[in-house]
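All chains, full assembly: derive it from the sequences and hints.
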Amino acid sequence: MHPLILGAVTTLCVASVALILLLPLESLVVDLVYQAF
Amino acid sequence: MLPPFISNRQAVALGLLLMIALGMPVLLRSVGLPPRSEVYKGVTGAVGGYSFIGDQIFNRNQDLDVAFVGSSLLLKGIDAPYFQSELSRALGRQAHVIVLAAYWQGMDMQYAVLRDLLEHRKIGLVVMSMPIPEFTSDRPHVEAYRWLRYGDYANALAGLPLRSKATLYADYVLGAPRQLLTLLRPNQIFAKETRADRLGSEFDERGYYGAPFVQEDSAAVGIAPDAMIYSPATARSFDFNGPPLGPYQKYFCEQIGKQIRDHGTRLCVLHVTSSEEPQFTVAHERMFWPDVMRIPMQIVGVPSAVLFGGVPAANFYRYFYDQHMNVNGKELFTRTVTPALIKIYGESGI
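Heads up: the sequence lines are chains A and B, in that order. Per the working numbering, residue 473 is the first one in the first sequence, and the count goes up by one each step. Per the working numbering, residue 2 is the first one in the second sequence, and the count goes up by one each step.
Please keep in mind that the hints were generated in silico from the structure rather than gathered at the bench. Given the structure is predicted, the values throughout are model-derived calculations rather than measurements. Ideal placement from N, C-alpha and C gives every residue a C-beta, glycine not left out. Check each hint, because a few of them may be wrong.
[To be verified] Beta-carbon label-pair distances, calculated as ranges:
1) A:Leu-493 / B:Thr-282: 37 to 43 Å
2) B:Ala-236 / A:Val-501: 29 to 35 Å
3) A:Ile-492 / B:Ser-31: 20 to 26 Å
4) B:Pro-4 / A:Val-489: 33 to 39 Å
5) A:Ile-492 / B:Gly-223: 51 to 57 Å
6) B:Pro-36 / A:Ala-480: 33 to 39 Å
7) B:Asn-9 / A:Val-486: 50 to 56 Å
8) B:Lys-251 / A:Val-489: 25 to 31 Å
9) A:Ala-490 / B:Arg-237: 25 to 31 Å
10) A:Val-501 / B:Arg-37: 55 to 61 Å
If you want it as structure tokens, here you go:
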């Protein structure tokens, strides 16, 4: 695998996880709790 | 060890997917966001009267005498039809009152609702509740990903710290698929939910944390209006030394002050009693809000020991269903503070 591609995808994955961790947990689950059930 | 991807093509596909997801707020902004009137319709009525909020902001144009804006504590604590009836009687004409409040606390939510409301309707007096000490979050409101889109209030948000901007961007990403869907077809929740007959208030007939509901006496406590309004003479009934808000929440307090000032309206902070303050001899607010918001305002509060002075201590929790008031508490609280709010409204020169 090309190291540049792997590096870019890894960076995007880390950025995604970092953004998720910044959010209040409730924001991630509120729809499941209040809308799905 | 197996490689994470079996081919470059697979890795590129995942990368593209992530890029689209992370970049969707910016893409939507460049394509053109749906009208802001759609955002409140996209939030379920199970977490507050968002449909009512959106309807009141974007579909009505009647000037408002008093708008209550706050969290669920206010939503459960104010009987708007009663207050509107008393204000009408005092004014000798039909008064117009609404409660625009939603679940979870957050000054960003109160800022957004207030700003949208002020941009569409004229308001005589805004009454707000502020976060209670138990609220510790310094991050965006739980539902911010629904009612805030990338590009909304750009000027107002420009001064936020970088970390807060990053957190808001995470909200934009989380909410972007719904905004995209709204571009394709209008939200469909709105028509199903209305609380107009209650002027936005919610009435809860539940006992404290699952206990049976017991109807209690809710006659107003006889207190002179001036005794409930903060002044040098009543300062001993108030305390402003709670845990300070964090930078994110304080930032939006300042922005709320700016909105109030720019639109030439008046603000009253109402201390809404919670079950966390049994027998308190002061109305406990976290901060001295005129200093935080940088505008003059009135503050109204009744210490719990006074509000529940005629209630046996063992029955205190019959006025709440958790931190929030049930109908017992709502009626007692609203009937007690109404004279003070009417007095403030009358003095606001509107």
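Here is how each hint holds up against the structure:
no. : hint                              : result
1   : A:Leu-493 / B:Thr-282: 37 to 43 Å : 42 Å, holds
2   : B:Ala-236 / A:Val-501: 29 to 35 Å : 43 Å, violated
3   : A:Ile-492 / B:Ser-31: 20 to 26 Å  : 24 Å, holds
4   : B:Pro-4 / A:Val-489: 33 to 39 Å   : 20 Å, violated
5   : A:Ile-492 / B:Gly-223: 51 to 57 Å : 53 Å, holds
6   : B:Pro-36 / A:Ala-480: 33 to 39 Å  : 36 Å, holds
7   : B:Asn-9 / A:Val-486: 50 to 56 Å   : 20 Å, violated
8   : B:Lys-251 / A:Val-489: 25 to 31 Å : 29 Å, holds
9   : A:Ala-490 / B:Arg-237: 25 to 31 Å : 48 Å, violated
10  : A:Val-501 / B:Arg-37: 55 to 61 Å  : 26 Å, violated
Of the hints listed earlier, those the structure fails to meet are numbers 2, 4, 7, 9 and 10, in rising order.
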